[in-house]
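*Asks:* Okay, here's what each chain looks like letter by letter:
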Amino acid sequence: MTEPSIFIHKHILGIKELSPQDIHHIITTARSFREISNRPIKKVPTLRGKTVVNLFLEPSTRTRLSFEIAAKRMSADTFNLSGSSSSTRKGETLIDTARNIQAMNPDVIIMRHGRSGAPHLLGRYVDCSIINAGDGAHEHPSQALLDAMTILDHKQSLAGLKIAIVGDIAHSRVAHSNIFSFTKLGAQVCLAGPATFMPADITSLGAHVCTSVGEAVTGADVVMALRIQIERQHDPLIPSLREYAVHYGINRALLKLAKPDVLVMHPGPINRGVEMNPDVADGPWSVILDQVTNGVAVRMALLYLVLGGDKSA
Amino acid sequence: MTEPSIFIHKHILGIKELSPQDIHHIITTARSFREISNRPIKKVPTLRGKTVVNLFLEPSTRTRLSFEIAAKRMSADTFNLSGSSSSTRKGETLIDTARNIQAMNPDVIIMRHGRSGAPHLLGRYVDCSIINAGDGAHEHPSQALLDAMTILDHKQSLAGLKIAIVGDIAHSRVAHSNIFSFTKLGAQVCLAGPATFMPADITSLGAHVCTSVGEAVTGADVVMALRIQIERQHDPLIPSLREYAVHYGINRALLKLAKPDVLVMHPGPINRGVEMNPDVADGPWSVILDQVTNGVAVRMALLYLVLGGDKSA
Amino acid sequence: MTEPSIFIHKHILGIKELSPQDIHHIITTARSFREISNRPIKKVPTLRGKTVVNLFLEPSTRTRLSFEIAAKRMSADTFNLSGSSSSTRKGETLIDTARNIQAMNPDVIIMRHGRSGAPHLLGRYVDCSIINAGDGAHEHPSQALLDAMTILDHKQSLAGLKIAIVGDIAHSRVAHSNIFSFTKLGAQVCLAGPATFMPADITSLGAHVCTSVGEAVTGADVVMALRIQIERQHDPLIPSLREYAVHYGINRALLKLAKPDVLVMHPGPINRGVEMNPDVADGPWSVILDQVTNGVAVRMALLYLVLGGDKSA
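Residue numbers (the working numbering), protein chains in the order written: chain Y, 1 to 313; chain Z, 1 to 313; chain L, 1 to 313.
Source of the hints: derived by calculation from the structure; they are not laboratory data. Since we're looking at a predicted model, the values are computed, not measured. There's no promise every hint is true.
DSSO-like, lysine-lysine: derived pairs with alpha carbons at most 30 Å apart [unchecked claim]:
(1) L:K43 with L:K259
(2) Z:K43 with L:K43
(3) L:K184 with L:K256
(4) L:K43 with Y:K72
(5) Y:K43 with L:K43
(6) Z:K72 with L:K184
So that you can see chain Y by itself, here it is in the shape it has in the complex:
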């Protein structure tokens, strides 16, 4: 692993903006924080008196919880604003909402928004740090960082790994951030999914589109299934969940094509029996719950780094 560089980012908007050195720096920092969550007293004073606002304009359970746990374990004060309680529905522009929050002197705004680019827009208008917790189908950088961290718990490096990502690539910010991250770190990314789930310009990102899930999984070091995001499809893009499961669901037979030490990943929440069979999700290949555990550590690292933790250390 590379020697940690100086971390210079004020915002975490996407993996696109991060260098491989940045990614390794974040993961190294996250590893140093991970054991805090195993202590009897899960709390360090590092971010005491810092104000962290969770501005979630799309529903979320685990990402919001993960960021909130990360912030409180660093002793920051956290504040939750959700879509339903937000002023945006009162006709206020997003920029005004952000500037109003900014006027209350937060240190970080963690933001989820249904539109791609919303956090990037705000980053130009506020003084505090913005962490993108998912913007439309665009990016979800903390998810990609926890995914890379989880793979690196088992593999020396991502360089030369074959990583299969299966499912709804087009609508998945997780897929996009992971394609950026995995290719930056030297892995070969192979995509599989129904044609309606595959964006036309995807190869420009450096990923390889396979004609079948079997091709993608064959020889793979990592198999990542994506969630069918039913709530984000206005028209059904697949004939049925049953048919999807038959053609694209990850099962034991399919995993026989992968490397023997393959890692199975899923960003959650899982539709069991659709994207993945229960025996795969709960099997020895699965690192799905490690992803969740690493998520808290990655988010602690992000909060620490954007607030200049390295410089004060």
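Starting from the structure of chain Y, add chains Z and L where the hints point.
*Replies:* Chains Z and L alone, transformed into the frame defined by chain Y:
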């Protein structure tokens, strides 16, 4: 009162699983914590750095608030997940939701769920402690514990007391937990309510079903009215609220049949003029607000005990 | 400015109940707290172990956030109860809800309610302090206090100032609290707005009703535009937003009629292009974001003062 035993429970799933010694142990512990809420600085460091997740998959105001106040007065960090923001509606199983929360290293999950047995199911899948904050029409153990504590503030013992519970027994987890608790502690429990509110097998729990509310209240040491849970009835089981009030509402005339030092209780929220007349709810017999105050103390005790407070002391 | 008097108010229900000395006392206290929000560690231990309940029975983003930030920066524990999760929809009376919260020993209840007078009612039933965060179209005292503080950052005194308030006076608790505050502090308040937005008895409050927005703004030291509260009108009271903007929207041409050093204010959220043109909202006259910053400081002061901070100091 019995000498406090060693408290060995990791979860608090129901009164059914607790011994009379356990119940007294919890109440004794709660009494020692009660005065904290009367101090100018209502905070002790006992649970500092502990992570308490409120997973409320059914709406709740006071129970969630009571647990959150209890946790924060012990210096724990609290996190609220509600039904509307939960992943469960995204097709995730309850076990996956719980295992995902577990992967973030909480110490306690406080859980309310519409289905009976949900907390018991989770208790087999997670490492942290589960406290049942109400599961369907099954159990609501912290409510029964605060009720027993409130009675014991006024009576030497529950042994030999006559306790009338009036109302919707069939749909009430409060009734079920209290029947378990009161009979374990030696009281005679007399039930009254419309036939549609009386479960067929209720006498197997050791309670006596009365043919009229007058019979139940006559000579009673405690009269507990239950709330008409209109939101949990798909079809109306009573002709009208007016008629219910006439036949089953607790009023002054009815209370004349009880012991002179009768205690009047209600788990709240009260439908005034339905289950209980205002002059009864606000009268000298009423210990309804003492129940609420004791609720915070009981929940402090439960958090302390499941986290092994006795052993570290 | 007057020498700070002893602050004797247990509740903050409205500006109507406050003397000019009280208002100056709050603003002086707020000024002393304001710099805390600019520190690297934005936290003082002043209210450690105090319990602050945000009971918001109407939706709110910024006011709730502002109070929550104020409370946590003083180290109080905060608890949020919102309308959708409240027992009030289960048939409980507001007084019972408040008495139940009271039984859990809070120190302050911050309350927003759709009905005028609701906080005043509760103030007679609970032992803790009540701060009105907006009751119907009646009062919103903390908003008026932050508005006065913002003006006094730029003007020596309010005495003799001409302050124009433009818009929906009838439905605006902000207008009502500000009319009370500005007239108590010696300013001349000039109102302008469509006839359907002007209450019949408004002159009894000491404000002057102008026949045009131009008359109100001419020579003004302060121009405050109110938000068109679309969600609070059951029937549209204005023909169209476009027409409103033409006749009552604040624009550069209109501001030329005011004093050169006029301050432009808005309680937010702004409907840009309706109540106010973007170049005015973002222009050099605008102190709109200063209002938000001062809001946190005023709310820190209110929490401190109702909890007897002066006496313990």
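*Asks:* Hints first: check each against the structure and report whether it holds.
*Replies:* Now the hints, each set against the structure:
{"no.": "1", "hint": "L:K43 with L:K259", "in the structure": "39 Å, violated"}
{"no.": "2", "hint": "Z:K43 with L:K43", "in the structure": "17 Å, holds"}
{"no.": "3", "hint": "L:K184 with L:K256", "in the structure": "28 Å, holds"}
{"no.": "4", "hint": "L:K43 with Y:K72", "in the structure": "14 Å, holds"}
{"no.": "5", "hint": "Y:K43 with L:K43", "in the structure": "17 Å, holds"}
{"no.": "6", "hint": "Z:K72 with L:K184", "in the structure": "41 Å, violated"}
When the structure is compared with the earlier hints, violations turn up for hints 1 and 6 and for no others.
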